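Undergrad: Using the sequences and the accompanying hints, generate a full structural model.
Taken in sequence, the protein lines are chains A and B.
Start counting the first sequence at 3; every next residue gets the next number (my numbering).
Start counting the second sequence at 1249; every next residue gets the next number (my numbering).
Don't read these hints as lab results, they were simulated from the structure.
Hints are supplied without guarantee of correctness; some may be wrong.
Said to hold, decoys possible - The calculated lysine-lysine pairs, modelled on BS3-like cross-linking and capped at a C-alpha distance of 30 Å, are:
| id | chain 1 | residue 1 | chain 2 | residue 2 |
| --- | --- | --- | --- | --- |
| 1 | B | 1585 | A | 150 |
| 2 | A | 141 | A | 109 |
| 3 | A | 141 | B | 1263 |
| 4 | A | 109 | A | 23 |
| 5 | B | 1511 | A | 158 |
| 6 | A | 135 | B | 1334 |
| 7 | B | 1338 | A | 109 |
These figures come from a predicted structure and were not determined experimentally.
One-letter residues, chain by chain:
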Amino acid sequence: MSDPKIRIRNLYKIFGARAGKYLPHVLSGMGKSELLESHGHALGLNNINIDMQAGEISVIMGLSGSGKSTLIRHINRLIEPTSGEILLDGQDIMRFSQADLLQTRQKSMSMVFQNFALLPHRTVLQNVSMGLKVQGVTKEIREHEGRKWLLRVGLKGHESQYPNQLSGGMQQRVGIARALTSNSDILLMDEAFSALDPLIRTDMQDLLLELQTELHKTIVFITHDLDEALKLADHLVILKDGAVVQQGKPQHILLNPSDPYIEEFIADINRARVLRVRSIMRHSNLGNEYSGTIDPEANLEQVIGMAQGDMSARFEVIENNQRIGEVDVALLMDALVPYRPDTAKR
Amino acid sequence: MILRVIMAAYESVIKAIGLDNWCAEPDENAPMSMAQFLARNGNGNPDNSDPILPFPSLDTLHEVCSSIPQTRDLTAWVEDSFLSIKDGLKLVLDPLTQPLSWMLDSALYVFTTVPWWILIPLLVLLTWCVTRRRGVTIFVAAVFIFFGVIDHLEVALQTLAIIFVCTGLSVLLGVPIGIMMSRSDRMQRLTVPVLDLLQTLPSFVYLIPLIFLFSVTESKLYGIAIILYAIVPIIRLTDLGIRLVDRDVIEAADAFGMNARQKLLGVELPLALPNIMAGVNQTIMMSLAMVVIASLVSAPGLGVLVLRGIRNLELGVGIVAGLGIVLLAVVLDRSSKAALSRLHAHKPNQ
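TA: Printed below as a string of structure tokens:
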């Protein structure tokens, strides 16, 4: 595996006037509630270690108060850590001077916000080209770039409108276009779709995936919605009380939850839609009679549909004209039941 | 009788805490208090007129122990200390504020020497450029014609000249101070009490030290008084406006790598502009209020006529001039508000 684009090492954040003084307490294992009760300082992040690969969508998921928004603001140092390293292409951004930091924020990373945070006194086009204006790009070039990305997110014709004349979904399209126009490798998305209604949210997720297939940006996506996380994530990080509970491929977490907290979390989702054939297929050979062939990226819902009620159906998994495994309904049923400690199965 | 007892009691308290040595014999050369004077001349009747239990004030204690200063020494001390720093203060403030005199004098010169048939069309044109409202512009023209008809045009224009200069300087000084206040909480904590003081101090009171500092014939005397009084709202509202700018938008500006200057000019000031303009409107209104009081210290304009009305009991003169000030206030208020709403018009649906 290549070097990660963003690497977070032993990151701690304590909120309060004398954060440094209590760092040793936290290092020696004091928890969030104890620190708050006995010293009046809030533990924001507790020993975070994450590698984010270039070209992947890393989703950081957690409930409110889990520290996910704090974490994403450390990547561009909108919040200063109490201790730890944040390596960007191998360089520790904590050692950057103020000028380097501004340069990095302008050129290497851009951000999309939950509440859009567009400039209300600027037109859509001016908002979108804001990043380039800050960099000192001429008006002609930045407006050309701005129009290009507005067209790409489907907002052609709205260039001279003001943000508050647009609906929430359209405003967030402007937010995404603004982040893309600055032409940075890294996209930080802080609950970018959480303020949108469900149908528009699905649209936006599809838009993001579609853009990602051609742009291959390194995306850090924050969300509290597990369905959204599973849909977008190449790498999923689950946060609780400022600490990482589990991280890895979403399919892996779904099938091998490491912790009761995660089990509880994943209990309510539609596993048939999320799990893919590749994660549950059997590599061995139980027979030669197949009802058909299936793609490894198909989800279990599609398999159920193809089985058409036949409980003994068995499918051959084919990738690039090669047989890579097989899947049958019994296997599928097994995968659909979330693991619970009280059933003591497996 | 009771008074004697009480005084004796105070005396014994002073003895008890060992201060009787410090209390020297009464100084015969010390200035006499009114009570002493009346007592000596036998006209007063202190036993009846004094309260039964006199408050242990400085004056009462002075009677017991003459080393304790009298209250009038306090006011004398304030006066002496002001007079002692006066020369130094004047040395610094005089050249610093001299441009104010020049600006006021030249504005007054321009407004009184340019012929009315040039000046008034220019002012009406200015109103049109700032407001783009036909109604407001016509109203302003009508008010000038009215002033001309009742022979108050020159004084009204003098008042207007003073207000233009003082408001302009207030904005020029107040906005940067407001920006600094919004930047640092410490600066805000230090400035707010000063602003409170300027706003609550009766306006006559800060004329007093100014009269000592500068000659009454200098125009900067009333210029400073007006600016000190009128600068408060523009400072407060600039600070407030910048502090009220949406945190999310500031964060976005940071995330895209804006430096402090780009953030101030591109985000904070434009978003704070409606509040700042409200401050300008308030500043105009307050300098108009002060311009009447400033005529006590030789500020020309409508205020002089109001003052004449009070001094000579010329009821009509005073009231007509007073209503003239109201009319001027309405003109300035409507024009600046129309200009303000033009700013809002750039952002629809707000």
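Undergrad: All hints, please: hold or fail.
TA: Hints, one by one, checked against the model:
Proximity of residue 1585 of chain B to residue 150 of chain A is assessed by CA-CA distance (about 40 Å); at most 30 Å being required, the pair is judged violated. Taking the CA atoms of residue 141 of chain A and residue 109 of chain A, the gap is near 17 Å; set against the 30 Å cutoff, the hint holds. With a C-alpha separation of about 86 Å, the suggested pair residue 141 of chain A and residue 1263 of chain B falls outside the 30 Å cut-off, and the hint is violated. Under the criterion of a C-alpha separation no larger than 30 Å, the hint pairing residue 109 of chain A with residue 23 of chain A is inconsistent with the structure, at around 35 Å.
At most 30 Å may separate the alpha-carbon atoms for a hinted pair to count; residue 1511 of chain B and residue 158 of chain A meet this at roughly 28 Å. Between the alpha carbons of residue 135 of chain A and residue 1334 of chain B the distance comes to roughly 53 Å, so the proposed pair goes past 30 Å and is violated. The straight-line distance between the Cα atoms of residue 1338 of chain B and residue 109 of chain A is roughly 54 Å, outside the 30 Å bound, and the hint therefore fails.
Checked against the numbered hints given earlier, this structure breaks hints 1, 3, 4, 6 and 7; the rest are met.
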